[in-house]
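Once you have looked at the hints, place chain D on chain Z.
Chains as they are written, first to last, in the numbering used here: chain Z, 4 to 193; chain D, 4 to 193.
Keep in mind the hints are simulated off the structure, nothing from the lab. There may be inaccurate statements among the hints.
Since the list gives no way to pick out one identical chain from another, each pair is judged satisfied if it fits inside one copy or across any two copies.
[As the list claims (entries may be wrong)] Heads up, simulated BS3-like pairs for lysine-lysine below, C-alpha to C-alpha not over 25 Å straight-line:
| id | residue 1 | residue 2 |
| --- | --- | --- |
| 1 | 24 | 114 |
| 2 | 24 | 43 |
| 3 | 24 | 119 |
| 4 | 16 | 114 |
| 5 | 106 | 84 |
| 6 | 50 | 40 |
| 7 | 24 | 86 |
| 8 | 24 | 183 |
| 9 | 106 | 86 |
| 10 | 24 | 84 |
| 11 | 16 | 84 |
| 12 | 106 | 50 |
| 13 | 24 | 50 |
| 14 | 193 | 86 |
| 15 | 193 | 122 |
| 16 | 50 | 188 |
All figures in this text were calculated on a predicted structure; none of them were measured in a lab.
Number of protein chains: 2
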Amino acid sequence: MRLLEEKILLEGKVLEGDVLKVDCFLNHQMDVPFLAKLAKDIYAHYKDCGVNKVLTVEASGIGLACLTAQFFNCKMLVAKKGKTSNISNEVYTATAYSYTHQKENTLIVSKQYLSKEDKVLIVDDFLANGNACLALIDICKQAGAEVKGVSCAVEKSYQNGHDALVALGLDVYSLARVGKMENGKIEFVK
Amino acid sequence: MRLLEEKILLEGKVLEGDVLKVDCFLNHQMDVPFLAKLAKDIYAHYKDCGVNKVLTVEASGIGLACLTAQFFNCKMLVAKKGKTSNISNEVYTATAYSYTHQKENTLIVSKQYLSKEDKVLIVDDFLANGNACLALIDICKQAGAEVKGVSCAVEKSYQNGHDALVALGLDVYSLARVGKMENGKIEFVK
Numbered sequence: 004m005r006l007l008e009e010k011i012l013l014e015g016k017v018l019e020g021d022v023l024k025v026d027c028f029l030n031h032q033m034d035v036p037f038l039a040k041l042a043k044d045i046y047a048h049y050k051d052c053g054v055n056k057v058l059t060v061e062a063s064g065i066g067l068a069c070l071t072a073q074f075f076n077c078k079m080l081v082a083k084k085g086k087t088s089n090i091s092n093e094v095y096t097a098t099a100y101s102y103t104h105q106k107e108n109t110l111i112v113s114k115q116y117l118s119k120e121d122k123v124l125i126v127d128d129f130l131a132n133g134n135a136c137l138a139l140i141d142i143c144k145q146a147g148a149e150v151k152g153v154s155c156a157v158e159k160s161y162q163n164g165h166d167a168l169v170a171l172g173l174d175v176y177s178l179a180r181v182g183k184m185e186n187g188k189i190e191f192v193k
Numbered sequence: 004m005r006l007l008e009e010k011i012l013l014e015g016k017v018l019e020g021d022v023l024k025v026d027c028f029l030n031h032q033m034d035v036p037f038l039a040k041l042a043k044d045i046y047a048h049y050k051d052c053g054v055n056k057v058l059t060v061e062a063s064g065i066g067l068a069c070l071t072a073q074f075f076n077c078k079m080l081v082a083k084k085g086k087t088s089n090i091s092n093e094v095y096t097a098t099a100y101s102y103t104h105q106k107e108n109t110l111i112v113s114k115q116y117l118s119k120e121d122k123v124l125i126v127d128d129f130l131a132n133g134n135a136c137l138a139l140i141d142i143c144k145q146a147g148a149e150v151k152g153v154s155c156a157v158e159k160s161y162q163n164g165h166d167a168l169v170a171l172g173l174d175v176y177s178l179a180r181v182g183k184m185e186n187g188k189i190e191f192v193k
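So here's chain Z without its partners, still in its complex pose (with noise of 0.2 Å):
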């Protein structure tokens, strides 16, 4: 999407340890009237998935899950981030690891929102290496649920996550493709 190219272009910054980051419009100040175009292009490629609810992980992704969710007129679930001490049997979980955070998180989704009826389309601000994508794939497998495709807004298309997800037979949809990141430029997947 070559909206969200010249957005990163424009607004993004390289910085050390491979970070992209896009924090003035993606997850910490949202540039939502923005973030609504992307949504209706999210919407424009699954609309005839028959999905109908979004999932997302908290916390960065759940703007543009919400703005997404609306064009779909469905609902909107967010796994949280918890402790295994907290787990009870009334939810379903899945492990994660986080290289941004250096830690692995478990995430959570009760039982009561996820079922075998539910057409899932899993939306999150970054794909890198796909970890919280598979983690949330492994929920809705627990649930019996469908998943139609997984969306994101920027994939770091030189890690393995895109093609994880691929392999898995899954509708992958990335707005902006990352090819490579080197001395604070960028280069877009064509």
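Frame of chain Z; chain D shown alone:
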């Protein structure tokens, strides 16, 4: 707001420990089409106040804050919860004690995204003792930003958050004001 009161009576549950569980539509699972109606109501209340930024705190207020910012056609800013050890001089911080999680959180906002040009509307899911809102107000004060109001979906009116905010001269608009929860029954303030 009658609509939210009805939703709470229909779908909410009173649990032990003064907990009003509304995670089926407000924070874990978000009934986005319904939350958009709440956001529209918040917009109607503050639309003439010159609001140019919505401020919330991660994670459970993000959905409603995002939808509210959409009505104002403005940006939304999420105060992060962090540890004091991460603090740089590029951020505003304030501490808020969370009774729900029984711990002190440091709320963090980048100085880049909040300034004296900003007319801020604070939005959150719950207002109880007001600690999170008071910390956000403190952050706005540090930035020289003007707080135009505080709007939360559900207020526990028998706790002191509402009065503490009104005492600061703020326009506080809660969409449902719970006056009493006893034996699983909920009474609203008229």
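Evaluated hints:
In this assembly of identical chains, residue 24 and residue 114 lie within 25 Å of each other by CA distance solely across copies; the values are 15 Å between and 35 Å within a copy. Within a single copy, residue 24 and residue 43 get their C-alpha atoms as close as 23 Å, which meets the 25 Å cut-off; across copies the closest is 31 Å, which misses it. Taking the shortest Cα distances, residue 24 and residue 119 sit within 25 Å of each other only across copies (24 Å), while inside one copy they are farther apart (37 Å). In this assembly of identical chains, the alpha carbons of residue 16 and residue 114 lie at most 25 Å apart only when taken from different copies (16 Å versus 39 Å within one copy).
Taking identical chains as interchangeable, the C-alpha atoms of residue 106 and residue 84 lie at most 25 Å apart whether they share a chain (11 Å) or sit on different chains (16 Å). Both within a single protomer and between protomers do residue 50 and residue 40 lie at most 25 Å apart by alpha-carbon distance, with minima of 15 Å and 23 Å respectively. In this assembly of identical chains, the alpha carbons of residue 24 and residue 86 lie at most 25 Å apart only when taken from different copies (20 Å versus 28 Å within one copy). When the C-alpha separation of residue 24 and residue 183 is checked against a cutoff of 25 Å, the pair qualifies only within one copy, where the shortest distance is 14 Å, while the shortest distance between copies is 45 Å.
In the homo-oligomer, the alpha carbons of residue 106 and residue 86 lie at most 25 Å apart both inside one protomer (11 Å) and across protomers (15 Å), since each shortest distance falls under that limit. Proximity of residue 24 and residue 84 under a CA criterion of 25 Å is satisfied in both settings, with 22 Å inside one chain copy and 18 Å between copies. Within a single copy, residue 16 and residue 84 get their C-alpha atoms only as close as 27 Å, which misses the 25 Å cut-off; across copies the closest is 23 Å, which meets it. In this assembly of identical chains, the alpha carbons of residue 106 and residue 50 never lie at most 25 Å apart, being 35 Å within a copy and 42 Å across copies at closest.
Taking identical chains as interchangeable, the C-alpha atoms of residue 24 and residue 50 are never at most 25 Å apart, the minima being 30 Å within one chain and 32 Å between chains. For a Cα distance limit of 25 Å, the shortest separation of residue 193 from residue 86 qualifies neither inside one copy, at 40 Å, nor across copies, at 40 Å. Taking the shortest alpha-carbon separations for residue 193 and residue 122, neither the intra-copy value of 30 Å nor the inter-copy value of 41 Å comes in at or below 25 Å. For the homomeric pair residue 50 and residue 188, neither the shortest alpha-carbon distance inside one copy (34 Å) nor that between copies (41 Å) is at most 25 Å.
Hints 12, 13, 14, 15 and 16 from the list above are not met by this structure, while the remaining hints are.
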